[in-house]
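S.K.: Below are the chains, spelled out letter by letter.
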Amino acid sequence: AQTVTQSQPEMSVQEAETVTLSCTYDTSESNYYLFWYKQPPSRQMILVIRQEAYKQQNATENRFSVNFQKAAKSFSLKISDSQLGDTAMYFCAFMKHQGADGLTFGKGTHLIIQP
Amino acid sequence: GAGVSQSPSNKVTEKGKDVELRCDPISGHTALYWYRQSLGQGLEFLIYFQGNSAPDKSGLPSDRFSAERTGGSVSTLTIQRTQQEDSAVYLCASSLGWVSGANVLTFGAGSRLTVL
Numbered sequence: 001a002q003t004v005t006q007s008q009p010e011m012s013v014q015e016a017e018t019v020t021l022s023c024t025y026d027t028s029e030s031n032y033y034l035f036w037y038k039q040p041p042s043r044q045m046i047l048v049i050r051q052e053a054y055k056q057q058n059a060t061e062n063r064f065s066v067n068f069q070k071a072a073k074s075f076s077l078k079i080s081d082s083q084l085g086d087t088a089m090y091f092c093a094f095m096k097h098q099g100a101d102g103l104t105f106g107k108g109t110h111l112i113i114q115p
Numbered sequence: 001g002a003g004v005s006q007s008p009s010n011k012v013t014e015k016g017k018d019v020e021l022r023c024d025p026i027s028g029h030t031a032l033y034w035y036r037q038s039l040g041q042g043l044e045f046l047i048y049f050q051g052n053s054a055p056d057k058s059g060l061p062s063d064r065f066s067a068e069r070t071g072g073s074v075s076t077l078t079i080q081r082t083q084q085e086d087s088a089v090y091l092c093a094s095s096l097g098w099v100s101g102a103n104v105l106t107f108g109a110g111s112r113l114t115v116l
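Chains as they are written, first to last, in this note's numbering: chain A, 1 to 115; chain B, 1 to 116.
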């Protein structure tokens, strides 16, 4: 079974700052995918970024980027130039390739962007 | 539809009553997932459908929980004889499955269930 650990229950930064959210995971799988989802107060989970484990290059989506360290089983999310709209719960998630049970989620980090 | 639609958005019920939660996935999405999100347990996988069949129902918390999917589209999660510990947000997600790379799930806004 896989486990995903997010060690920061809550973080708070000022608008325009850069923030990094941590995530580690444990798996015996060699082929898998990692995701960051954002959940604002509306409850809808929104995909932020994804990373294929077989790709060495870190994924980037506009202000969002990841630092994927496969050997260390670490998958952190960096948010640059943070905005008030980034305030949300952020979940790190794991999915094994061809897995039938979807995503395994961490407990989440509540990110607050202060004006 | 354009997104995953769930109903009701909020449901308050009395202990012991049955409830049905509905999920309407994105058109053409063959895979459908149910998750439960509660304060103490985080996000918990419940069940997965590929088409109309659910290969593994072991994620359902008890035999009071059942789910079905008809016509490869709409899914219903039924909770019988609700208990207070069933209070949670029930999230549904759908996807195209394992085609052309990662299986990317799109989520609905969830159904918040409160059992009094």
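Don't take each hint at face value.
What follows is a set of in silico ranges between Cβ atoms, one per label pair, in the way DEER data are often shown [said to hold, decoys possible]:
{"hint": "1", "chain 1": "A", "residue 1": "Glu-29", "chain 2": "B", "residue 2": "Leu-116", "range": "23 to 29 Å"}
{"hint": "2", "chain 1": "B", "residue 1": "Glu-14", "chain 2": "A", "residue 2": "Thr-60", "range": "45 to 51 Å"}
{"hint": "3", "chain 1": "A", "residue 1": "Pro-115", "chain 2": "B", "residue 2": "Gly-42", "range": "26 to 32 Å"}
{"hint": "4", "chain 1": "A", "residue 1": "Gln-56", "chain 2": "B", "residue 2": "Gln-50", "range": "43 to 49 Å"}
{"hint": "5", "chain 1": "A", "residue 1": "Gln-83", "chain 2": "B", "residue 2": "Gly-51", "range": "37 to 43 Å"}
{"hint": "6", "chain 1": "A", "residue 1": "Gln-83", "chain 2": "B", "residue 2": "Gly-71", "range": "37 to 43 Å"}
{"hint": "7", "chain 1": "A", "residue 1": "Gln-69", "chain 2": "B", "residue 2": "Glu-20", "range": "43 to 49 Å"}
{"hint": "8", "chain 1": "B", "residue 1": "Ser-87", "chain 2": "A", "residue 2": "Ala-71", "range": "27 to 33 Å"}
{"hint": "9", "chain 1": "A", "residue 1": "Gln-57", "chain 2": "B", "residue 2": "Gly-16", "range": "19 to 25 Å"}
{"hint": "10", "chain 1": "A", "residue 1": "Pro-9", "chain 2": "B", "residue 2": "Leu-116", "range": "46 to 52 Å"}
To be clear, the hints were calculated from the coordinates, so they are not data collected in a lab.
Bear in mind the structure is a predicted one, so any value in this text is a computation, not a measurement.
For glycine and all other residues, C-beta sits at the position ideal for the given N, C-alpha and C.
S.K.: Holds or violated: the 23 to 29 Å window for the beta-carbon distance between Glu-29 of chain A and Leu-116 of chain B?
M.R.: Taking Cβ atoms as reference, Glu-29 of chain A and Leu-116 of chain B lie about 42 Å apart, which means the hint is violated.
S.K.: Can you tell me whether the CB distance of Pro-9 of chain A to Leu-116 of chain B sits inside 46 to 52 Å?
M.R.: Since the Cβ atoms of Pro-9 of chain A and Leu-116 of chain B sit about 29 Å apart, the hinted range of 46 to 52 Å is violated.
S.K.: A range of 19 to 25 Å was offered for this pair. Does it hold for the Cβ distance of Gln-57 of chain A and Gly-16 of chain B?
M.R.: violated, 54 Å
S.K.: At the C-beta level, are Ser-87 of chain B and Ala-71 of chain A separated by a distance inside 27 to 33 Å?
M.R.: At roughly 41 Å between Cβ atoms, Ala-71 of chain A and Ser-87 of chain B fall outside 27 to 33 Å, so the hint is violated.
S.K.: Looking only at beta-carbon atoms, does the pair Glu-14 of chain B, Thr-60 of chain A fall within the given range of 45 to 51 Å?
M.R.: holds, 50 Å
S.K.: Within 43 to 49 Å or not, the Cβ separation of Gln-69 of chain A and Glu-20 of chain B?
M.R.: holds, 44 Å
S.K.: Note whether the CB distance of Gln-83 of chain A and Gly-51 of chain B lies within 37 to 43 Å or breaks it.
M.R.: The hinted range 37 to 43 Å holds for Gln-83 of chain A and Gly-51 of chain B, with Cβ atoms some 40 Å apart.
S.K.: Can you tell me whether the CB distance of Gln-83 of chain A to Gly-71 of chain B sits inside 37 to 43 Å?
M.R.: holds, 41 Å
S.K.: Tell me if the beta carbons of Pro-115 of chain A and Gly-42 of chain B are separated by a distance inside 26 to 32 Å.
M.R.: holds, 29 Å
S.K.: Given the hint of 43 to 49 Å, check if Gln-56 of chain A and Gln-50 of chain B actually sit that far apart at their C-beta atoms.
M.R.: violated, 31 Å
Checked against the numbered hints given earlier, this structure breaks hints 1, 4, 8, 9, 10; the rest are met.
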